[in-house]
Amino acid sequence: QKEVEQNSGPLSVPEGAIASLNCTYSDRVSQSFFWYRQYSGKSPELIMSIYSNGDKEDGRFTAQLNKASQYVSLLIRDSQPSDSATYLCAVNTGGGADGLTFGKGTHLIIQP
Amino acid sequence: DAGVIQSPRHEVTEMGQEVTLRCKPISGHNSLFWYRQTMMRGLELLIYFNNNVPIDDSGMPEDRFSAKMPNASFSTLKIQPSEPRDSAVYFCASTWLGGELFFGEGSRLTVL
Numbered sequence: 008q009k010e011v012e013q014n015s016g017p018l019s020v021p022e023g024a025i026a027s028l029n030c031t032y033s034d035r036v037s038q039s040f041f042w043y044r045q046y047s048g049k050s051p052e053l054i055m056s057i058y059s060n061g062d063k064e065d066g067r068f069t070a071q072l073n074k075a076s077q078y079v080s081l082l083i084r085d086s087q088p089s090d091s092a093t094y095l096c097a098v099n100t101g102g103g104a105d106g107l108t109f110g111k112g113t114h115l116i117i118q119p
Numbered sequence: 016d017a018g019v020i021q022s023p024r025h026e027v028t029e030m031g032q033e034v035t036l037r038c039k040p041i042s043g044h045n046s047l048f049w050y051r052q053t054m055m056r057g058l059e060l061l062i063y064f065n066n067n068v069p070i071d072d073s074g075m076p077e078d079r080f081s082a083k084m085p086n087a088s089f090s091t092l093k094i095q096p097s098e099p100r101d102s103a104v105y106f107c108a109s110t111w112l113g114g115e116l117f118f119g120e121g122s123r124l125t126v127l
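The listed protein sequences correspond, in order, to chains F and Y. All residue numbers for the first sequence refer to my numbering, where the first residue is 8 and numbers rise by one. All residue numbers for the second sequence refer to my numbering, where the first residue is 16 and numbers rise by one.
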């Protein structure tokens, strides 16, 4: 059974600091990895995708993937109060349009 | 594009009643997914369709749940009879060839 694990938090980070969110997954054949942000009462929205080992940067966001350790992380630099949300890690085993398996999410709070 | 459109946004019903949730995917997307989100279990994949054909319904909780996709622009998720434990937010999402998954606003179901 595919599992995606995240610390539920809440993770509290001061404004301007780096927020670090972590995720582990159980299925070794997983190929695609995603980070979604979900504000309270809203739907998830994609913020980062990563497919190969290493780092991928997009603005203030950096996704890190280590397939050997089955570990994905998301770093948010210069954290802003608007970054306060739940961050969902999602994993896709197949290369096609198979459904994503989501973690339960980490609740991030950025303190002004 | 209007995005993924779901209806109703909120539904309150009594135990034993039939519930039908509706979804219109983004035009041109060929894959459609139904997810259920609760605090306890997070986002769970119920069923997904590729080119209107159900591919994997292993996440459907039991026979009370059924889903159809009669054409590329419409899908329904039906619960009959509904039970209080079905209370959750149901999300529909669509994508093209395994690309970014776009979510609808969700249908919040409360079964009394």
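The reader is advised that the hints may include incorrect statements.
As the list claims (entries may be wrong) - Calculated lysine to aspartate or glutamate pairs in the DMTMM-like style (CA-CA distance at most 25 Å, straight line):
#  : chain 1 : residue 1 : chain 2 : residue 2
1  : F       : K49       : Y       : E59
2  : F       : K74       : Y       : E26
3  : F       : K49       : F       : D34
4  : Y       : K39       : Y       : E120
5  : F       : K111      : Y       : E33
6  : F       : K74       : Y       : E120
7  : F       : K9        : Y       : D71
8  : F       : K111      : Y       : D72
9  : F       : K111      : Y       : E29
10 : F       : K49       : Y       : E26
11 : F       : K9        : Y       : E59
12 : Y       : K39       : F       : E52
13 : Y       : K83       : Y       : D71
14 : F       : K111      : Y       : E115
15 : F       : K9        : Y       : E26
16 : F       : K9        : Y       : D78
17 : Y       : K39       : Y       : E77
18 : F       : K63       : F       : E10
19 : F       : K9        : F       : E22
In case anyone wonders, no lab produced these hints; they're calculated from the structure.
Results of checking the hints against the structure:
| no. | hint | verdict |
| --- | --- | --- |
| 1 | F/K49 x Y/E59 | 16 Å, holds |
| 2 | F/K74 x Y/E26 | 42 Å, violated |
| 3 | F/K49 x F/D34 | 29 Å, violated |
| 4 | Y/K39 x Y/E120 | 11 Å, holds |
| 5 | F/K111 x Y/E33 | 28 Å, violated |
| 6 | F/K74 x Y/E120 | 32 Å, violated |
| 7 | F/K9 x Y/D71 | 14 Å, holds |
| 8 | F/K111 x Y/D72 | 21 Å, holds |
| 9 | F/K111 x Y/E29 | 28 Å, violated |
| 10 | F/K49 x Y/E26 | 16 Å, holds |
| 11 | F/K9 x Y/E59 | 12 Å, holds |
| 12 | Y/K39 x F/E52 | 18 Å, holds |
| 13 | Y/K83 x Y/D71 | 12 Å, holds |
| 14 | F/K111 x Y/E115 | 19 Å, holds |
| 15 | F/K9 x Y/E26 | 31 Å, violated |
| 16 | F/K9 x Y/D78 | 23 Å, holds |
| 17 | Y/K39 x Y/E77 | 24 Å, holds |
| 18 | F/K63 x F/E10 | 23 Å, holds |
| 19 | F/K9 x F/E22 | 35 Å, violated |
The earlier numbered hints that this structure contradicts are 2, 3, 5, 6, 9, 15, 19.
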